[in-house]
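Student: Under this note's numbering, the first residue of the sequence shown carries the number 4, and numbering increases by one thereafter.
I should point out that these hints are in silico values taken from the structure, not numbers from a laboratory.
These figures come from a predicted structure and were not determined experimentally.
Errors might be hidden in some of the hints.
Unchecked claim - Restraint-style ranges between C-beta atoms, simulated for each label pair:
hint, residue 1, residue 2, range
1, 9, 41, 38 to 46 angstroms
2, 75, 22, 17 to 25 angstroms
3, 61, 89, 18 to 26 angstroms
4, 26, 115, 25 to 33 angstroms
5, 39, 89, 36 to 44 angstroms
6, 97, 38, 18 to 26 angstroms
7, 96, 68, 14 to 22 angstroms
8, 34, 117, 16 to 24 angstroms
9, 37, 86, 37 to 45 angstroms
10, 60, 89, 19 to 27 angstroms
11, 18, 43, 34 to 42 angstroms
12, 82, 113, 29 to 37 angstroms
13, 86, 113, 19 to 27 angstroms
The beta carbon of each residue, even a glycine, is placed where N, CA and C say it ideally should be.
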Amino acid sequence: MTSPLLTQHVLATHPTFQARVRMAFSHVARDVCAEDPTTAGHDLRYALARTAVNPSDLTSPGYASAIATNPAVAAAAQTAYDGTPDSTDSGVSDELIVQAVRQVWNVLCGWVPGSNGQAEGP
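Please construct the entire structure, taking both the sequences and the accompanying hints into account.
Tutor: What follows is the structure, given as C-alpha coordinates:
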(Lines of atoms letter the chains of each structure in order from A and count residues from 1; the text may use other names and numbers.)
(Lines give C-alpha, C1' and ligand atoms only; values in the text may rest on other atoms or scores of the structure.)
Protein backbone atom coordinates (compact mmCIF):
# COMPACT_ATOMS: atom_id res chain seq x y z
CA MET A 1 0.00 0.00 0.00
CA THR A 2 1.33 3.40 -0.92
CA SER A 3 0.77 6.12 1.61
CA PRO A 4 -0.48 9.49 0.38
CA LEU A 5 2.23 12.12 0.01
CA LEU A 6 0.56 14.36 2.57
CA THR A 7 0.81 11.71 5.29
CA GLN A 8 4.45 11.09 4.40
CA HIS A 9 5.09 14.84 4.63
CA VAL A 10 3.36 15.05 8.00
CA LEU A 11 5.54 12.20 9.24
CA ALA A 12 8.80 13.56 7.77
CA THR A 13 8.28 16.97 9.37
CA HIS A 14 7.34 15.61 12.81
CA PRO A 15 10.17 16.58 15.21
CA THR A 16 9.98 13.34 17.20
CA PHE A 17 10.14 11.24 14.03
CA GLN A 18 13.14 13.28 12.85
CA ALA A 19 14.92 12.61 16.15
CA ARG A 20 14.12 8.90 15.96
CA VAL A 21 15.50 8.73 12.42
CA ARG A 22 18.72 10.46 13.52
CA MET A 23 19.12 7.89 16.29
CA ALA A 24 18.42 5.01 13.90
CA PHE A 25 21.17 6.34 11.63
CA SER A 26 23.53 6.39 14.61
CA HIS A 27 22.69 2.77 15.44
CA VAL A 28 23.22 1.57 11.87
CA ALA A 29 26.39 3.69 11.59
CA ARG A 30 27.90 1.83 14.54
CA ASP A 31 27.27 -1.46 12.73
CA VAL A 32 28.82 -0.12 9.53
CA CYS A 33 31.89 1.12 11.40
CA ALA A 34 32.35 -2.36 12.83
CA GLU A 35 31.94 -4.22 9.53
CA ASP A 36 34.85 -5.94 7.82
CA PRO A 37 36.81 -3.33 5.81
CA THR A 38 36.83 -5.72 2.85
CA THR A 39 33.03 -5.56 2.66
CA ALA A 40 31.97 -4.41 -0.80
CA GLY A 41 31.35 -0.65 -0.80
CA HIS A 42 32.88 -0.25 2.66
CA ASP A 43 34.68 3.04 1.95
CA LEU A 44 31.49 4.84 0.94
CA ARG A 45 29.42 3.09 3.59
CA TYR A 46 31.99 4.05 6.24
CA ALA A 47 32.09 7.68 5.08
CA LEU A 48 28.33 7.99 5.61
CA ALA A 49 28.69 6.27 8.98
CA ARG A 50 31.27 8.83 10.14
CA THR A 51 28.91 11.62 9.15
CA ALA A 52 25.97 9.96 10.90
CA VAL A 53 27.79 9.57 14.22
CA ASN A 54 29.14 13.11 14.07
CA PRO A 55 26.33 15.24 12.59
CA SER A 56 26.93 18.93 12.14
CA ASP A 57 23.38 19.79 13.19
CA LEU A 58 21.17 17.66 15.42
CA THR A 59 18.19 19.94 14.80
CA SER A 60 18.00 19.39 11.03
CA PRO A 61 15.45 16.97 9.60
CA GLY A 62 18.33 14.83 8.32
CA TYR A 63 17.10 11.92 6.23
CA ALA A 64 13.59 11.86 7.73
CA SER A 65 11.97 12.35 4.35
CA ALA A 66 13.87 9.41 2.86
CA ILE A 67 12.70 7.19 5.71
CA ALA A 68 9.11 8.50 5.66
CA THR A 69 8.83 7.41 2.03
CA ASN A 70 9.92 3.82 2.76
CA PRO A 71 6.88 1.70 1.83
CA ALA A 72 6.64 -0.11 5.19
CA VAL A 73 7.13 3.10 7.20
CA ALA A 74 4.65 5.01 5.04
CA ALA A 75 2.05 2.27 5.35
CA ALA A 76 2.39 2.14 9.14
CA ALA A 77 2.06 5.92 9.35
CA GLN A 78 -0.98 5.93 7.06
CA THR A 79 -2.68 3.20 9.08
CA ALA A 80 -2.20 5.16 12.30
CA TYR A 81 -2.95 8.61 10.86
CA ASP A 82 -6.02 10.19 12.45
CA GLY A 83 -5.43 13.70 11.17
CA THR A 84 -2.92 14.64 13.86
CA PRO A 85 0.85 14.74 13.33
CA ASP A 86 1.52 12.71 16.48
CA SER A 87 -0.51 9.81 15.14
CA THR A 88 1.81 9.31 12.17
CA ASP A 89 4.89 9.04 14.39
CA SER A 90 3.21 6.80 16.95
CA GLY A 91 2.26 4.34 14.23
CA VAL A 92 5.85 3.66 13.20
CA SER A 93 7.96 1.33 15.35
CA ASP A 94 11.65 1.82 16.00
CA GLU A 95 12.30 -1.49 14.27
CA LEU A 96 10.65 -0.24 11.07
CA ILE A 97 12.77 2.91 11.13
CA VAL A 98 16.03 1.01 11.65
CA GLN A 99 15.14 -1.44 8.88
CA ALA A 100 14.35 1.45 6.53
CA VAL A 101 17.71 3.04 7.34
CA ARG A 102 19.49 -0.23 6.56
CA GLN A 103 17.62 -0.50 3.25
CA VAL A 104 18.53 3.02 2.09
CA TRP A 105 22.10 3.16 3.45
CA ASN A 106 23.90 2.17 0.24
CA VAL A 107 21.87 4.56 -1.91
CA LEU A 108 22.52 7.49 0.44
CA CYS A 109 26.25 6.81 0.61
CA GLY A 110 26.47 6.63 -3.18
CA TRP A 111 27.34 2.96 -3.53
CA VAL A 112 25.21 0.78 -5.76
CA PRO A 113 25.69 -2.92 -5.00
CA GLY A 114 26.79 -4.86 -8.05
CA SER A 115 27.82 -1.76 -9.99
CA ASN A 116 31.15 -1.47 -11.78
CA GLY A 117 31.76 -5.18 -11.42
CA GLN A 118 31.79 -4.95 -7.62
CA ALA A 119 30.37 -7.78 -5.58
CA GLU A 120 27.00 -7.51 -3.95
CA GLY A 121 27.31 -6.24 -0.39
CA PRO A 122 25.28 -6.18 2.81
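Student: For the range 37 to 45 angstroms, tell me whether the beta carbons of residue 37 and residue 86 fit it or not.
Tutor: Holds, at about 42 angstroms.
Student: Holds or violated: 29 to 37 angstroms for the Cβ distance of residue 82 and residue 113?
Tutor: holds, 33 angstroms
Student: Indicate whether the distance between the beta carbons of residue 39 and residue 89 respects the range 36 to 44 angstroms.
Tutor: holds, 41 angstroms
Student: Evaluate the given range 19 to 27 angstroms for the C-beta pair formed by residue 86 and residue 113.
Tutor: violated, 38 angstroms
Student: 38 to 46 angstroms was suggested as the range; check whether the CB atoms of residue 9 and residue 41 agree with it.
Tutor: Holds: the Cβ-Cβ distance is about 44 angstroms, inside 38 to 46 angstroms.
Student: Given a hinted range of 16 to 24 angstroms, is it respected by the beta-carbon distance of residue 34 and residue 117?
Tutor: Holds, since residue 34 and residue 117 (Cβ atoms, about 21 angstroms apart) stay within the stated range.
Student: Go ahead and decide if the range 34 to 42 angstroms is satisfied by the Cβ distance of residue 18 to residue 43.
Tutor: Taking Cβ atoms as reference, residue 18 and residue 43 lie about 36 angstroms apart, which means the hint holds.
Student: If you check the beta carbons of residue 75 and residue 22, does the distance land in 17 to 25 angstroms?
Tutor: holds, 20 angstroms
Student: For the range 25 to 33 angstroms, tell me whether the beta carbons of residue 26 and residue 115 fit it or not.
Tutor: holds, 26 angstroms
Student: I want to verify a distance hint. Is the separation of the beta carbons of residue 60 and residue 89 within 19 to 27 angstroms?
Tutor: Hint holds: Cβ distance 24 angstroms, inside 19 to 27 angstroms.
Student: Range hint 18 to 26 angstroms: satisfied by the CB atoms of residue 61 and residue 89?
Tutor: Given about 21 angstroms between the Cβ atoms, the range holds.
Student: The hint says 14 to 22 angstroms between residue 96 and residue 68; measuring C-beta to C-beta, is that right?
Tutor: Hint holds: Cβ distance 19 angstroms, inside 14 to 22 angstroms.
In the structure shown, a violation is registered for the earlier hint numbered 13 alone.
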